[in-house]
Every structure is written in C-alpha cells, then in structure tokens.
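*Asks:* Starting from the structure of chain A, add chains B and C where the hints point.
Protein sequences, first through last, are from chains A, B and C.
Each residue of the first sequence is one higher than the one before, starting from 1 at the first, in full-length UniProt numbering.
Each residue of the second sequence is one higher than the one before, starting from 1 at the first, in full-length UniProt numbering.
Each residue of the third sequence is one higher than the one before, starting from 1 at the first, in full-length UniProt numbering.
Simulated from the structure, these hints should not be mistaken for laboratory data.
All of these numbers come straight from a predicted model, not from anything done at the bench.
Mixed in with the good hints, there may be bad ones.
Heads up, simulated SDA-like pairs for lysine to any residue below, C-alpha to C-alpha not over 25 Å straight-line [to be verified]:
#1 Lys104/C x Asp247/A
#2 Lys9/A x Phe119/B
#3 Lys9/A x Pro153/B
#4 Lys9/A x Leu22/B
#5 Lys102/A x Leu277/B
#6 Lys102/A x Gly42/C
#7 Lys154/C x Gly67/C
#8 Lys100/A x Leu277/B
#9 Lys260/A x Asp157/B
#10 Lys104/C x Leu22/B
#11 Lys102/A x Thr17/B
#12 Lys102/A x Arg27/B
#13 Lys18/C x Trp104/A
#14 Lys104/C x Leu210/A
#15 Lys116/B x Gln286/A
#16 Lys193/B x Thr14/A
#17 Lys193/B x Gln286/A
#18 Lys133/C x Gly219/A
#19 Lys292/A x His92/C
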Amino acid sequence: MEQSWRQAKSIFLTMISAPLFWLVFFFFLPLGIVWLYSFGENRGLIDIAFTGTWANYAHALDDPYPGIFWKSAWIAALTTFLCLVVGFPVALAITFAPEKAKSWLLLAVMLPFWTNLLIRTYALIAVLRTEGYVNMTYHWLFDMTNKVLGGSLGDFTPLALLHNNFAVVFGLVFVNLPFMILPLYSTLDRMDRSLLEASLDLGAGHIGTLFNVVVPLAGAGIMSGILITFIPALGSYLTPDLLGGPDSQMIANVIESQFKRANNWPFGAALSFILVYLTFIGIALQGIIERKDKGRAA
Amino acid sequence: MTATTAPVKLKKIAPKTPPGPLEYLRRWPLQLWLVLVGLFLYIPLITLMIFSFNDSKRNIVWQGFTLKYYDKALHNDSLITAFGNSMTIALCSTIISVIIGAMAAIVLWRFRFVGKTAFNAGLAIPIVVPEICMGVGMLVFFAKVLPWPHDLPWPLDLGNIIIAHVSFSFPFVAVVVRARLGSFNRELEEAAKDLGASEFRALMDVVIPHIQPSLIAGGLLAFTLSLDDFVITFFTAGPDTVTFPVKVYSMVRFSVTPEVNAASTILIVVTVLLTFLALKFQGSSALTAGHGADDK
Amino acid sequence: MSGNPIISFENITKRFGKTTAVDNVSLTINEGEFFSLLGPSGCGKTTLLRMLAGFEMPTEGRILIDGKDVSTVPPNQRPVNMVFQSYAVFPHMTVLDNVAYGLKMDGVGAAERRERAEEALKLVQLAGYGVRKPDQLSGGQRQRVALARALVKKPRVLLLDEPLSALDAKLRDQMRSELTSLQQKVGITFIMVTHDQDEALAMATRCAVMNRGLLQQVATPSDLYEFPNSRFVADFIGSVNMFEGTLDVDAKDHAIINTQEMGPVYLDHGVTGPEKGTVWAAVRPEKIELHKRTDTPPKVDDAPEGYNVAAGVVKHMVYLGSETNYEIEIAGGRLIKVVRPNLTRWDQEDFELGEQVWISFHACSPAVLLS
Chain A
1 MEQSWRQAKS IFLTMISAPL FWLVFFFFLP LGIVWLYSFG ENRGLIDIAF
51 TGTWANYAHA LDDPYPGIFW KSAWIAALTT FLCLVVGFPV ALAITFAPEK
101 AKSWLLLAVM LPFWTNLLIR TYALIAVLRT EGYVNMTYHW LFDMTNKVLG
151 GSLGDFTPLA LLHNNFAVVF GLVFVNLPFM ILPLYSTLDR MDRSLLEASL
201 DLGAGHIGTL FNVVVPLAGA GIMSGILITF IPALGSYLTP DLLGGPDSQM
251 IANVIESQFK RANNWPFGAA LSFILVYLTF IGIALQGIIE RKDKGRAA
Chain B
1 MTATTAPVKL KKIAPKTPPG PLEYLRRWPL QLWLVLVGLF LYIPLITLMI
51 FSFNDSKRNI VWQGFTLKYY DKALHNDSLI TAFGNSMTIA LCSTIISVII
101 GAMAAIVLWR FRFVGKTAFN AGLAIPIVVP EICMGVGMLV FFAKVLPWPH
151 DLPWPLDLGN IIIAHVSFSF PFVAVVVRAR LGSFNRELEE AAKDLGASEF
201 RALMDVVIPH IQPSLIAGGL LAFTLSLDDF VITFFTAGPD TVTFPVKVYS
251 MVRFSVTPEV NAASTILIVV TVLLTFLALK FQGSSALTAG HGADDK
Chain C
1 MSGNPIISFE NITKRFGKTT AVDNVSLTIN EGEFFSLLGP SGCGKTTLLR
51 MLAGFEMPTE GRILIDGKDV STVPPNQRPV NMVFQSYAVF PHMTVLDNVA
101 YGLKMDGVGA AERRERAEEA LKLVQLAGYG VRKPDQLSGG QRQRVALARA
151 LVKKPRVLLL DEPLSALDAK LRDQMRSELT SLQQKVGITF IMVTHDQDEA
201 LAMATRCAVM NRGLLQQVAT PSDLYEFPNS RFVADFIGSV NMFEGTLDVD
251 AKDHAIINTQ EMGPVYLDHG VTGPEKGTVW AAVRPEKIEL HKRTDTPPKV
301 DDAPEGYNVA AGVVKHMVYL GSETNYEIEI AGGRLIKVVR PNLTRWDQED
351 FELGEQVWIS FHACSPAVLL S
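Same shape as in the complex, but just chain A (with noise of 0.2 Å):
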C-alpha cells in the first residue's frame, strides 16, 4: 500500500520537513528545555544551572505538596466518575436515538465543548456567586416559605456555591462532560446491536444487558473515555483559579506560581514533568488494556 520513501525522494523530503521541523523545535524543545530544567538549580536572579540534581523532585515530595497532588487526583477521579455516572445514560440515547435526533443530540452536547473555556467558566460564575441565579432562586423559595410559616425560618443565609471545593467539581464536570461523553457514544455506536438484541432475547434484562454484554465490550471505550477525561481535568487550572477557595489548588495552580510569581523555575518544571509522567503512566495503562481488549477480540 505505502510508498517507500525512497520512491520520491524530492516529495517526500519537503512534506515531512515543515511537520517535523515544527515538532521538534516548537514543541520538543521547550519540553525538553524544561525537563533539563528540572534536574537545574537556580542561580541568580535569572539564571538557571543543569546541575543534574534531584532535589527539585526531593522538594516535591515536602508538605504541602503531595498532599496538593493527591488532592488534583482525587478530584479529578471525583470528575470523572461523575462525568461517568451523568454521561453514559446519555451516550447511550444517543447511540440508540433515530439517525436525525441523534445528529442533533450529539450538536447539543458539543456547542457548549466547542465554546470558549473561560466564557463557561464565567457563566458557572454568575450562576453559582452569592448574588447568583441560584442564591436568588433560592432566596425567593425562602422568602416565599417563610411568608407562609410566618417567619420562623429566622434569616435568610445565601448558600456558599463558589470558592470552594465543590464549585471546583462542579466546573470541572460542566466543562469535561462532552469529553466523556464523545467517546463514550463512539464506543457504543461501533458495537453490535444484535449482541444487545440477543442478550434481550436470551431472557436478560436492560440492567442484566448492560453488565454482562455493555460494560465488557465497551470497556475500552469506557477507559479512554475515563482517560480523556481524567487527564485535562487533573492539570486543569482555570477551573480552580476561578472557581475555587484558597484551599482549592490543584497542581496546575501550583506550576503557575513557580513559574510566575516565586520564580523558582526548576522546582516548577519539576511538578510539571511529574505531571507529565502521570499522563504517560494513565495512556500506557489504557494501552495495555485496550491490547488485552484487542488480543481477544482478534
């Protein structure tokens, strides 16, 4: 089918050279300026030596930093079993919905994906804020009772929705929700309806089905959908910079603060190769189980 590369040299040549040129110096050499950076140390103001040293990794393994990345992790894990709970009975009406409500479903859940982060971001913030949508509904539900039972439910107390950790997953679910839900759909929609149908026929029911037929065959489907949502949603950082409390940073906000304000640069490129080391670790894990997956499909 392909075409040796020898066949046409000249052709060849100028195509992969702009691609390649770009990755390498665009991309893997600020990535690896920073990994070098990581095993550097500070020296001056400006200055940064490669000492080939460990301790920027040591450094993170002081209070209060695991404690931040354990938290990242578990919120993140929060997400994405929520984006998980909330998104697959979608997936699946969508899956099964008629072809035209189906393309007009999988539109619904991708508009609010394809709008800008920051601008969702803000709206969760005028919706959850103290003099928000959701205070002022509530406020007029209290009002209301306290009309009718004459006062005893003593003042009214606005709700704390923001700044807080809660206001954390809770932007984190609205903004990832279709980065589950996509794959998801995709996974199911490839599957064989009549597997469905013949576990129905065998005398299984919808929840029988979906265990013992659904869950194992989009499995993969169901790990990628958990990676692709795990991974933006453990580095993410506009989402607890807005919404969250002074006890809400995740690592990214952390990585911010090195690289930005205490200007320890070495100690921040650490951090953010960690990170990057977590993320390799989830898709090798994804792959290995999408190999198994395959090995006994095939």
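*Replies:* Chains B and C alone, transformed into the frame defined by chain A:
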C-alpha cells in the same frame, strides 16, 4: 425551554407505537435525564447571554432590555484590541496549522520510512500533554531560546503566540486529514500517474481535492482551539500582548460585569456560527473530529 | 406434522416514519412447523420476525403466542429465541458461557446450567468446544453456537434470521439438511426468514411470500411453485414464461386465453376469472416441450389442434449437465425459456443453435393468474 420542547419533539417521531426495547430515547427516565443534563449544560450559557441585555449593572433581576453593554464593550479599546489580536492569532495559526498538518498527514499516509512510528507518536504527544506543561514550555522557550522582540510590525508582534498555537493545533489537523485520507482510493492517484501526471501533479490534482472537506473541518477546529486557548497564551504572551481570553480573565478576576457578558455573547455567537459551518462542510463527523484525536 | 396454532399475527402493521414496512399482515403458524418467511430484501419479512421476537413494536395489530397477546411484552419475557443473521455470539465469553447465558438469566443453577449447555453443544455437534472463545471458531461453528444458545432455553418457537446467508455455498447445503433434521429432532417450531427461494423450498414445510410489506401467498413449497396466486409469486419462485391475454372462453371444463404472443392458450379447467378481462398464463420452463420442426405442428394431447403450440428458433442454449436451458424466439421476438432434462447421454445433441423448432405445452401446465 429545553425542558418543554424536547419530549414533544420526540413524540412526533412515532405517534402511537410503544417504544421498542432498544429505543432508549423514548423512555421517560432517560428523557428526563437528557433534559436535566441539557439544563445543566445550557442554563449557565443562556442566562449569561440573556443578562447581557439586562439594563442593570449589579442587580441580577431583569430590569429591561438594553444594548448599552454591547455599546460599551464595542467602545472599550483594550477589549477591541484584545479581540483583534485573538482573531489575528487564530487566523494565522489556522493557516499554518492546516498546511503543516496536511503535510504530516499525507506523509504518514503515503510513505514508508524509518522512524515512522516515532513520528506518528510524536504527533500525538501535543494532543495529550497537559496544557499547563506546554504553556510552561513555551514560557521557557520564549524567555531563553527565542526571546521575541517587542517592536515588530503587525502581525509579527504576535508571532510567539501564533507559534505556540500552531504547535498544539496542527496535530489535530493532521488527525482529521489522516482520517479523510483513509477513504481515498489510491487507484485514482495511480490513474493520474498512468495518464502522465508527475508525482507532485498527481498529489495536487487528485489527493488535495479529495481531502478538501477535511482541510476545512481541520481549519475550523484549529481556529476554535486557538480562540479557546487561555492557559498556553497566558504563559506565552509578554505583558504587552493581550488576547481576548486573557483580557476577559483579568476582567473576570476583578468582577462580574454586564460588559463581559456582552463580549462573551459575541464570542459564543461566533463559535456557534463556526460550528454550523463545520457541520455544513463535513456533516456530523466534523463534530467529533477533535475528539477522534483524543480517542486514538 | 403440524398441530395447533402457536403464533398468530392479527392485522399487523408496522410503520417507520412514513414508510410502511409491514402492511396489515394476518398469519397463523402451527406447532411443529418449519415455517419460512420469504421475499426480496426490504419486503418486511425481517421486520415481522423482529416484531415476533419483541425488538420492534407493531404500529397496529396484535401478536399472539399460544393465544396470549404479547404485542407489548419485552423480548426477555417472550417464549421465543432467535438465531441472529450475524449470529451475535458474545465475543467476550467462552462458547459454554454463551450457551449458558440464557439459562443464567433464568436463574438456573450453575451445575444444571453447565449440564444443559453441554448437552445443547452436543446437539449441534460442538461437544468439547465449550472452553473456546468465539474468535477461535469458524463462521459455521459460530452459527452452531448461536443455535445451541437459543435451543438450550427450549423456546416455544425458534426464530432464524437469514441463517445461511453468511455461509459459503458448500457449507450452506450441509446446514440446510442439518437444520431440517435438527428441527425434526427437537420438535420445536422454526420460523426462518430468507430471501433465497431455493432455501425456503428445500427446508420449509410452509412458506409465506411477502412483497412490499404485503403478504402475497401462504402455502406449501410445492403449492407455491405449481399454484402461485399472483405474477409476483410466480416470478419470484423459480423461473417462468408469462403470457398476458384476455379470458375469451371460461366454461366449466375448459377455458381459452387469447394471448398476443402464444396465440390462444387452451386450459383443461375453468378459471372463474373476469370475463374478457386481462389474465396471465404462466408456464414453467420445464413444462414446455421442444420438437424438431416438421410441416405440421405437433398436437398436444389434452388440447384441440392448433392450441398451445408455436414455431420458433433456438437463440441461446446453456448446457448444465443434468439439463440444458434453451431460449426459443417465437414470432414477435419473444424469447421463451425451456428446460430440457438430458435423459440420455446424447440428448444434448438433439437441438442446435439456430435450429427451427416447435414448442408446446399441455393444457394443464399453465397457471392462470388474475393479478
């Protein structure tokens, strides 16, 4: 409003027949679930858009229709500059991304060469690496390796951001184009060569027309990615260059104002229009194009 | 063989949006039958089968199984099981787990499950294959797994959706006879959907022919072939020479159809058709005789002189070993299909391309069709 229209629409599909076992969409618990998820996804955006027309600065109660915040936003010079910068960056990075991405896709599709697997994997890495890490990389790169001069003429003064945006956009374009190339019948190219076209001419006359829709879809994807990006820009940009998301970020940190609502509404409308354009060019596969990349 | 009614479709209509897939079908299937739903693709036969299995809900009408209305009963609570066209063998389970799946869903204990599943595998000649995964099986073996999986539940009715379409020609012939003997062995009612008329004729005890959602004819295979009730059925089942004409004489013991191409066609029975109306005479190729050209046309022994005879020229011939297919051009240019068995080793040399011949058929041979 989603709540009332959705079920009615669904009922119209088949009036009397009870739902078949796999017609999950016609079962009420799932319909209710879909409506709730729809509300969750859309209420914040819709209220934001509605209240950009509200004639009240602080109060969130509806006070009457006004366009004054649009007027204000459109006369806010720094906002306009930021918006212009964003559009310039998006346009330039899209053009470069489409060209480079298409080249990468064609090379991967067409040739066998040493290091192909590595090149393929290398292209996937910008897609999966956390934004913050890439942003940090760009910050270091433009601080130490390639300090960007301040006094360049437009649009070169935005060059560093454009470079950064191309770096994360063109792999997505490559994936979209590569998928489209999969459906290309290689015999067409062979026929062109058989009829006397050179290697290059055959590529331009037969292959490029075939992948044209994916070039457009990939371009729209790159454009949206660029417009959407905050983190990487935030790290790459010097203190003097401000893009729309960076500007909105600083305004949002300060407070929630109807002016931001108005500016956001404009951007949402632009996004919706772009999405429909993408749909028109590539059908519903354009919708999942970006996601397909992540899936790999 | 066939006993009491087991399945009844009562005025079943199924619409998908604007298209009507099944149009007011009423049909009764009896216990112990090997019943076949036959028709070209898109005729609604599969939709009918899927409504019986519970995967589609009828837009109108009722479906009864053993006299009980099951129209809205979900598939997992119906006493019918299906062998899918793609077999739908669960790829992530072993063969044994596949076969035992239905029993597990019914709450059968592990030991009994295993025993019954192994028994079912023996029935389809897959004993010892239980530990394998479906991807280690051939297409034919996978189909046997699907069969065993459905039969192990001892359904009232077994549904087969195009069971032989995915097999290669040789395996198909083998499975045909195996399916019929299996059906006789287990005594379960089989309902098979197929678009292949040979398959239906060879296997079924009774067939329903469908076209564009409508039920055309329900009959035994030989009745379908010899007594079709419409041009569609005559044409769909086997091959046929169709002559359009007007019903000139319609007496008690004979009838004459005046056709343009064959002249008057004499029949040895009354028709009770529309007097002077348009009817069609359908003659199967093997029921037409070829004669060497002589000066006087041959006389058909059950028709008056000059009827059911025409002069022609051999235009095409295809030698098929057991028989030879001819196409004879008669006056007016119409090509008549004739099949002639090669009864002796020299038969195929009797007629040559371009030879002048007579063709004739008996007065009892044409089927008269009113639509």
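*Asks:* Each hint needs a verdict: does it hold in this structure or not?
*Replies:* So, going through the hints one by one against the coordinates:
| no. | hint | in the structure |
| --- | --- | --- |
| 1 | Lys104/C x Asp247/A | 51 Å, violated |
| 2 | Lys9/A x Phe119/B | 17 Å, holds |
| 3 | Lys9/A x Pro153/B | 38 Å, violated |
| 4 | Lys9/A x Leu22/B | 54 Å, violated |
| 5 | Lys102/A x Leu277/B | 19 Å, holds |
| 6 | Lys102/A x Gly42/C | 24 Å, holds |
| 7 | Lys154/C x Gly67/C | 19 Å, holds |
| 8 | Lys100/A x Leu277/B | 18 Å, holds |
| 9 | Lys260/A x Asp157/B | 22 Å, holds |
| 10 | Lys104/C x Leu22/B | 22 Å, holds |
| 11 | Lys102/A x Thr17/B | 20 Å, holds |
| 12 | Lys102/A x Arg27/B | 15 Å, holds |
| 13 | Lys18/C x Trp104/A | 20 Å, holds |
| 14 | Lys104/C x Leu210/A | 15 Å, holds |
| 15 | Lys116/B x Gln286/A | 22 Å, holds |
| 16 | Lys193/B x Thr14/A | 20 Å, holds |
| 17 | Lys193/B x Gln286/A | 43 Å, violated |
| 18 | Lys133/C x Gly219/A | 18 Å, holds |
| 19 | Lys292/A x His92/C | 11 Å, holds |
Figure legend: structure checked against the earlier numbered hints; hints not met, in rising order: 1, 3, 4 and 17.
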